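Assemble the whole structure, with the sequences as input and the hints as a guide.
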Amino acid sequence: MPSRKKTTMFASAFVTCVCSFLIICVVLATQHWMSSKVYFSGTNSSQSTASLTYGLFRGTCEQLVGGELQVSERTFQVADILNNTKAKSTITAIIVFLVLSLLSSLLSSGFTCTNAVSNPYQTFLGPVGVYTWNSLCGIFTLIAMILFPVNIEEYDLSVELARGCFPSLQSHIKSEHSYGYSYWIMLVIIFLNSASIIIIYFYDHARYSKQKKQERPIENAPKDVILF
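Residue numbering for the sequence shown follows the working numbering, starting at -18 and increasing by one per position.
Read the hints as simulated data drawn from the structure, not as lab findings. Quantities reported herein were computed from a predicted structural model and do not represent experimental measurements. Backbone N, C-alpha and C fix where the C-beta goes; we use that ideal spot for every residue, glycine too. It is possible that some hints are incorrect.
Stated by the list, open to error - Restraint-style ranges between C-beta atoms, simulated for each label pair:
hint, residue 1, residue 2, range
1, Gln51, Val77, 30 to 38 angstroms
2, Pro101, Ala60, 39 to 47 angstroms
3, Thr41, Pro101, 46 to 54 angstroms
4, Thr(-12), Thr104, 17 to 25 angstroms
5, Ile127, Ala(-8), 28 to 36 angstroms
6, Ile127, Gln151, 28 to 36 angstroms
7, Cys94, His158, 37 to 45 angstroms
8, Trp165, Lys18, 14 to 22 angstroms
9, Cys94, Ser70, 34 to 42 angstroms
10, Ser175, Thr41, 29 to 37 angstroms
11, Arg(-15), Glu135, 29 to 37 angstroms
12, His158, Gly91, 34 to 42 angstroms
13, Ser175, Thr(-12), 19 to 27 angstroms
14, His153, Thr66, 17 to 25 angstroms
Said to hold, decoys possible - Below 25 angstroms or equal to it, Euclidean Cα-Cα: the simulated DSS-like pairs (lysine-lysine) are:
hint, residue 1, residue 2
15, Lys155, Lys67
16, Lys155, Lys18
17, Lys18, Lys69
18, Lys155, Lys69
19, Lys67, Lys18
What follows is the structure, given as structure tokens:
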């Protein structure tokens, strides 16, 4: 059976891993990644505005012309109306990285739970495994956070979605973007992964220091005593 200290430390890391797993599920399930207002030129000098709120899978849109509601809010599926191949490929890549992050977080939860209740014989099932899976989870999440703004700025994701919702829109004038909570809570995932690594590092470092102290009396003992 593991010591009380080990159980406490790994149980704490298990809680942070589970929280990370749940937040990734929220990130994938919610559509509040981005809120955009995309402005287009219209007929008779009137300006047409498409308002969108969307995530990785679905979103809502509405159209205003001259400040008056022209088309009421409706729901759309991102994959169905997105025609830009690069933007669609980037969305797919973000989903893949978040799924990998989800799996890494699940494995990390399993490793920390195993160490909280037992002493695994394999080295990789111990702190090394926790370090590995938490690091991968954080890296995959960070890549997803980087790719999404690239999709917005480089491939004009909001403009492409607006055109998919309202094909009659004319020339694009400008866009205003606001990142939602579904995007920003990915920072919490990275923080939780870092917290898990720090917790296990302190445990591992304390265990290593204790082992070195136990070895020190033998190293410092006189040679005749050691031979005896």
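Here is how each hint holds up against the structure:
Taking 30 to 38 angstroms as the suggested C-beta distance range, the pair Gln51 and Val77 conforms, at roughly 37 angstroms. At roughly 42 angstroms, the beta-carbon separation of Pro101 and Ala60 lies within the given 39 to 47 angstroms, and the hint holds. Separated by about 48 angstroms at the C-beta atoms, Thr41 and Pro101 satisfy the suggested range of 46 to 54 angstroms. Look at Thr(-12) against Thr104: about 19 angstroms separates their beta carbons, and that is inside 17 to 25 angstroms.
For Ile127 and Ala(-8), the Cβ-Cβ distance of about 33 angstroms falls inside the hinted range of 28 to 36 angstroms, so the restraint holds. Ile127 and Gln151 have their C-beta atoms about 32 angstroms apart, which keeps the hinted 28 to 36 angstroms range intact. Taking 37 to 45 angstroms as the suggested C-beta distance range, the pair Cys94 and His158 conforms, at roughly 40 angstroms. The hinted range of 14 to 22 angstroms is satisfied by Trp165 and Lys18, whose Cβ atoms lie roughly 19 angstroms apart.
A C-beta distance of roughly 36 angstroms is found between Cys94 and Ser70, which places it inside the suggested range of 34 to 42 angstroms. Restraint check, Ser175 to Thr41: a C-beta distance of roughly 34 angstroms satisfies the suggested window 29 to 37 angstroms. Our hint of 29 to 37 angstroms for Arg(-15) and Glu135 is violated, since their Cβ atoms are close to 52 angstroms apart. Taking 34 to 42 angstroms as the suggested C-beta distance range, the pair His158 and Gly91 conforms, at roughly 38 angstroms.
Look at Ser175 against Thr(-12): about 22 angstroms separates their beta carbons, and that is inside 19 to 27 angstroms. At about 19 angstroms, the beta-carbon gap between His153 and Thr66 stays in the expected band of 17 to 25 angstroms. For the hint linking Lys155 to Lys67, the alpha-carbon distance of about 21 angstroms falls within 25 angstroms, and the restraint holds. Among the hinted pairs, Lys155 with Lys18 is consistent with the structure: their alpha-carbon atoms are about 9 angstroms apart, no more than 25 angstroms.
At most 25 angstroms may separate the alpha-carbon atoms for a hinted pair to count; Lys18 and Lys69 meet this at roughly 20 angstroms. Taking the CA atoms of Lys155 and Lys69, the gap is about 21 angstroms. The hint holds against a cut of 25 angstroms. Between Lys67 and Lys18, the direct Cα distance comes to roughly 21 angstroms. Compliance with the 25 angstroms bound is thereby established for this hinted pair.
Of the hints listed earlier, the one the structure fails to meet is number 11.
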